[in-house]
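Please work from the sequences and hints to get the whole structure.
Here the protein sequences line up with chains C and H, keeping their order. Each residue of the first sequence is one higher than the last, beginning at 1 in my numbering. Each residue of the second sequence is one higher than the last, beginning at 1001 in my numbering.
Derived by calculation from the structure, the hints in this document are not laboratory data. Quantities reported herein were computed from a predicted structural model and do not represent experimental measurements. Among the clues, some could well be false.
Now the stretches of chain H that chain C is said to cover, found in silico as 3 or more residues with beta-carbon under 8 Å [said to hold, decoys possible]:
1. 1009-1020
2. 1101-1108
Computed list of lysine to any residue pairs in SDA-like fashion (alpha-carbon distance at most 20 Å, straight line) [stated by the list, open to error]:
3. H:Lys1073 - H:Thr1024
4. H:Lys1109 - C:Gly87
5. H:Lys1055 - H:Met1011
6. H:Lys1055 - C:Gln70
7. H:Lys1109 - H:Leu1047
8. H:Lys1109 - C:Val15
9. C:Lys80 - C:Val111
10. H:Lys1070 - C:Tyr99
11. H:Lys1109 - H:Thr1027
12. H:Lys1109 - H:Ser1028
13. H:Lys1109 - C:Gly41
14. H:Lys1078 - H:Gln1002
15. H:Lys1109 - C:Ala40
16. H:Lys1109 - C:Arg42
17. H:Lys1078 - H:Ser1028
18. H:Lys1109 - C:Lys80
19. H:Lys1109 - H:Pro1040
20. H:Lys1055 - C:Arg42
21. H:Lys1109 - C:Phe88
22. H:Lys1078 - H:Gln1008
23. H:Lys1078 - H:Arg1050
24. C:Lys80 - C:Val15
25. H:Lys1109 - C:Val111
Just so it is clear, CB atoms sit at the ideal spot from N, CA and C, and this is done for glycine as well.
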Amino acid sequence: SQTIHQWPATLVQPVGSPLSLECTVEGTSNPNLYWYRQAAGRGLQLLFYSVGIGQISSEVPQNLSASRPQDRQFILSSKKLLLSDSGFYLCAWSSVINYGYTFGSGTRLTVV
Amino acid sequence: AQTVTQSQPEMSVQEAETVTLSCTYDTSENNYYLFWYKQPPSRQMILVIRQEAYKQQNATENRFSVNFQKAAKSFSLKISDSQLGDTAMYFCAFEGPSNYQLIWGAGTKLIIKP
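Here you go:
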């Protein structure tokens, strides 16, 4: 069966430090991969999506970047974190268009 | 552009009651897909139910069912015999036939009271 792993679960980082969040999918090949951010009590904001290795689409210009070095690996990065980068980050995948997403368990990032 | 609207920011009902969450959407597409997702306090996002627009029959998953009104562009979620574990944020989402992105509603916070 397909599973998605996202880590770490929580992270506290100082302003100006780098960031790397990782997401991997098992049990499927060539998934569509997504990074979302969710502010407390708010909806989901799509940050990046990828339909294949090395193919990244950015939805919101910001301090973050994404990479897909392998078929089932999706990484969210920042060179220098800002206070406004705090939030809950969710990775998701879909294997067939229109069948919905499966989400990771999320990372709670606090920038101090 | 497609939009999804959830007009109920928060609802609360007693355990075992039935509750209906509203969702409306706007699109010019004829074929599309609609979803309800649940996000409990753990914040794990869980797919509850999905509906293909070309199917007239309303989707059902155990205690969860939808009332899909294509002409009215309405997609409500009914939860029967509500349980304490149903307490969560519920998000309605839309996906067109040829894009890779879900369009999300703002969510409804549902509280089930004992």
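Point to revise | Proposed proximity, Gly41 of chain C with Lys1109 of chain H (alpha carbon, max 20 Å) | key: 9 Å, holds
Review point. Holds or violated: Lys1109 of chain H with Ser1028 of chain H, Cα cutoff 20 Å?
Key: 29 Å, violated
Point to revise | Given pair status - Arg42 of chain C, Lys1109 of chain H, alpha carbons within 20 Å | key: Between Lys1109 of chain H and Arg42 of chain C the Cα gap is close to 10 Å, so the pair holds against 20 Å.
**Study point:** Hinted pair Lys1055 of chain H and Arg42 of chain C, Cα distance within 20 Å
**Key:** 31 Å, violated
Check your understanding: Are the Cα atoms of Lys1055 of chain H and Gln70 of chain C separated by 20 Å or less?
Key -> Between Lys1055 of chain H and Gln70 of chain C the Cα gap is close to 37 Å, so the pair fails against 20 Å, i.e. violated.
Practice item. Measure nothing beyond the straight line between the CA atoms of Lys1073 of chain H and Thr1024 of chain H; if it is 20 Å or shorter, mark the hint as holding. Key: Holds, at about 6 Å.
Exercise for review: Given that the region 1009-1020 of chain H was listed as covered by chain C, double-check it with a C-beta distance under 8 Å for 3 or more residues.
Suggested key: Coverage by chain C is violated here, the residue count being 0 at a Cβ distance below 8 Å.
Review point. Okay, the region 1101-1108 of chain H and chain C, do three or more residues pass the C-beta test at under 8 Å?
Key: Coverage by chain C holds here, the residue count being 6 at a Cβ distance below 8 Å.
Practice item. Measure nothing beyond the straight line between the CA atoms of Lys1070 of chain H and Tyr99 of chain C; if it is 20 Å or shorter, mark the hint as holding. Key: 19 Å, holds
Practice item. Would you check the hint for Lys1109 of chain H and Lys80 of chain C, treating anything up to 20 Å between C-alpha atoms as holding? Key: 34 Å, violated
Check your understanding: CA of Lys1109 of chain H to CA of Leu1047 of chain H, is that 20 Å or under?
Key -> The given pair, whose Cα atoms are some 16 Å apart, holds under the 20 Å limit.
Check your understanding: Is the straight-line distance between the alpha-carbon of Lys1109 of chain H and that of Ala40 of chain C 20 Å or less?
Key -> 12 Å, holds
Checked against the numbered hints given earlier, the structure breaks hints 1, 5, 6, 8, 11, 12, 14, 17, 18, 20 and 25 and satisfies all the rest.
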